[in-house]
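Trainee: Protein chains in written order, with my numbering: chain A, 140 to 277; chain B, 140 to 277; chain C, 140 to 277; chain D, 140 to 277.
Everything labelled a hint here was simulated from the structure, so no lab data went into it.
One or more of the hints may lead you astray.
Remember, identical chains collapse to one label, so a pair may be satisfied in a single copy or spanning two.
Here are the simulated DSSO-like cross-link-like pairs (lysine-lysine), alpha carbons at most 30 Å apart as the crow flies [unchecked claim]:
1) K226 x K192
2) K225 x K237
3) K192 x K256
4) K256 x K237
5) K256 x K190
6) K221 x K256
There are 4 protein chains.
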Amino acid sequence: MQAEYHSTDITVRGYHLDVYQHVNNARYLEFLEEARWAYFGDSIHSDYFAKNKLAFIVVNININYRYPATLGHILEVRTSLKDIGKKSVTVLQEIYLKNSDTLVVSADVVFALLDQKVGRAVAISDELLEVLNLERTT
Amino acid sequence: MQAEYHSTDITVRGYHLDVYQHVNNARYLEFLEEARWAYFGDSIHSDYFAKNKLAFIVVNININYRYPATLGHILEVRTSLKDIGKKSVTVLQEIYLKNSDTLVVSADVVFALLDQKVGRAVAISDELLEVLNLERTT
Amino acid sequence: MQAEYHSTDITVRGYHLDVYQHVNNARYLEFLEEARWAYFGDSIHSDYFAKNKLAFIVVNININYRYPATLGHILEVRTSLKDIGKKSVTVLQEIYLKNSDTLVVSADVVFALLDQKVGRAVAISDELLEVLNLERTT
Amino acid sequence: MQAEYHSTDITVRGYHLDVYQHVNNARYLEFLEEARWAYFGDSIHSDYFAKNKLAFIVVNININYRYPATLGHILEVRTSLKDIGKKSVTVLQEIYLKNSDTLVVSADVVFALLDQKVGRAVAISDELLEVLNLERTT
């Protein structure tokens, strides 16, 4: 069974490449962030975060570079929720050459919930999950 | 007679290049901005701007690409004040291959003074010039 | 009469902004390049360039920053041919807030034709214009 | 006992920040790459790689974001060799607030050796280590 994922397409342009003529390793993190903005969509602008002075911040990215994408490649970024724990949320992001099973990049992106009132990470409440329309996995 | 300029060195790295194996045209604008932060230094953090809700904003950049810099080149960004008018300040920035007369890029960068209280550009006062330790040229 | 233009949409994301909370001046040049890759499309990959060791290179960009785009704005980049001279091609690019007449950025981007066999700019031949399906304007 | 490391300083500028007013997560990968180019220095341009059609390519980056750096911070990137295995080399990179023990980012960057003649990763030979003046750790 294939899990559901959100899909974002990005075409590789000349300015994405570096001296090795492949997409630069830092640029992939922009591709992943682009896809996450599309994935989270309006929920991330929810008043709930501002009112409660909460923000999700990236605390870890573990990224595998599998296949060197280059000029003209169309990439499909697949984003899905991997894990919702007590203090962190993990998002799985995989980039494929569009319409193929060639995996270009796979990454786990881990977020913590920052309480800006106290300046540190806090537990992810059931209330917050309801706002985000998410279900706890662990 | 050579005018005075502020000097910033930048070494061209693999991630600065693009598909053409030269520094990408957008990246040069980061090099110029890097040099301007160094040039303006602490004066740009002056309380005067925050207190008076003023900010210099870039309104025009006219940039010539003269010579294609590539991996390993050491660039010298030369920054100087070209013109202080009633409503704008123009900064001249030239990038040379270090220790040579090879001009890589030349650019005029024009700033206006934004009054954030009224949301539009305002005249550059003598008081502000004193804060910045600058003299009007026109 | 409104001239024809090619249209590319870009949504402003968090990583496009800088300390001023607006799209950074260098990032706009990536937006313009993104739109040009889409505009030129397959013609730029024509064998004609490779076979004849010719390449269009950017020699000047004159860019006006008119309105500060910020998070969530949808931008429409409009790209059109402004001028084909003997030795240069000028492309006009304007960025509007989508579905509005708010002009965010306007830029003239000038290209020269580099003959890589001799290492300098050469005249734009009628043959090349035919390959690109373009008509001389001056 | 503190291990030896190579040190590169980077000052945080306005264009390094994003909507959260901290250095963007992708930008840190450019900081790390900047430090690696300085660390590897001339050895990476060795003829040995070109002659033998070999190249080190990044296959994994595992990066922890610990402290949000912002405008004006001076960062010290510390780069050292963590492990040389049969088929991979791991570089440890830590970013500190300069002259403090505040850890901003820590990352393991894993390289494989690509043999461009056969298009796949190959073992890291003793000969190569001699060229790079390195000693195997495992």
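Trainee: Take the hints in turn and mark each one as holding or not.
Mentor: Now the hints, each set against the structure:
1. K226 x K192: within (16 Å within a copy, 39 Å between copies)
2. K225 x K237: Neither way: K225 and K237 sit 35 Å apart in one copy and 33 Å across, limit 30 Å.
3. K192 x K256: both (6 Å within a copy, 26 Å between copies)
4. K256 x K237: between (43 Å within a copy, 27 Å between copies)
5. K256 x K190: Answer is both: 11 Å inside a copy and 25 Å across each meet the 30 Å cutoff.
6. K221 x K256: within (28 Å within a copy, 38 Å between copies)
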